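> Model the full structure from these sequences, guided by the hints.
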Amino acid sequence: DLNYLEGIITAEPALYLDEIQDKLHEIRDVEVSLATLLRTLARLAVTHKHIAKEASERNELLRATWQVVMGQYEPRQIVCIDEAGVDDHTNIRRSG
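All residue numbers for the sequence shown refer to this note's numbering, where the first residue is 953 and numbers rise by one.
No lab work stands behind these hints: they were computed from the structure. Check before you lean on any hint, since a few could be wrong.
Simulated restraints, written as ranges between beta carbons of each label pair [stated by the list, open to error]:
| id | residue 1 | residue 2 | range |
| --- | --- | --- | --- |
| 1 | D953 | A1016 | 41 to 47 Å |
| 2 | L990 | V1021 | 20 to 26 Å |
| 3 | V1031 | A997 | 41 to 47 Å |
| 4 | E1012 | P965 | 19 to 25 Å |
| 5 | R1015 | D970 | 33 to 39 Å |
| 6 | A987 | E958 | 55 to 61 Å |
If you're wondering where the values come from, they're calculated on a predicted model, not measured in any experiment. For each residue, glycine too, the CB sits at the ideal point set by N, CA and C.
Here you go:
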């Protein structure tokens, strides 16, 4: 059952614990608590999953074009700014 569990995780790394639990019950006829499943995954060194999701608007051609254009600049020539950096109201007293 451990080999099957590892296979499930490898094939579908985005599954939630309850979904893994359901698969074990449906396919292998094994009932296991979520706590036991969590401990078993920890023993298998599967503690946290990190799923990367691409934005649906992502355009590979535009990304490649941007990389070519930006690659022409030296890092010292690039200045990054954002509008969250300054708040003129931060020094206003809120009490007394």
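> Now tell me if each hint is right for this structure.
Quick rundown of the hints versus the structure:
1. Judged by the Cβ atoms, the range 41 to 47 Å given for D953 and A1016 holds: they are separated by roughly 45 Å.
2. L990 and V1021 have their C-beta atoms about 47 Å apart, which leaves the hinted 20 to 26 Å range violated.
3. A hinted range of 41 to 47 Å holds for the C-beta pair V1031 and A997, which are about 42 Å apart.
4. About 23 Å separates the C-beta atoms of E1012 and P965, a value consistent with the hinted range of 19 to 25 Å.
5. Between R1015 and D970 the C-beta distance comes to about 36 Å, which sits within the given range of 33 to 39 Å.
6. For the hinted restraint 55 to 61 Å between A987 and E958, the CB-CB distance of approximately 19 Å leaves it violated.
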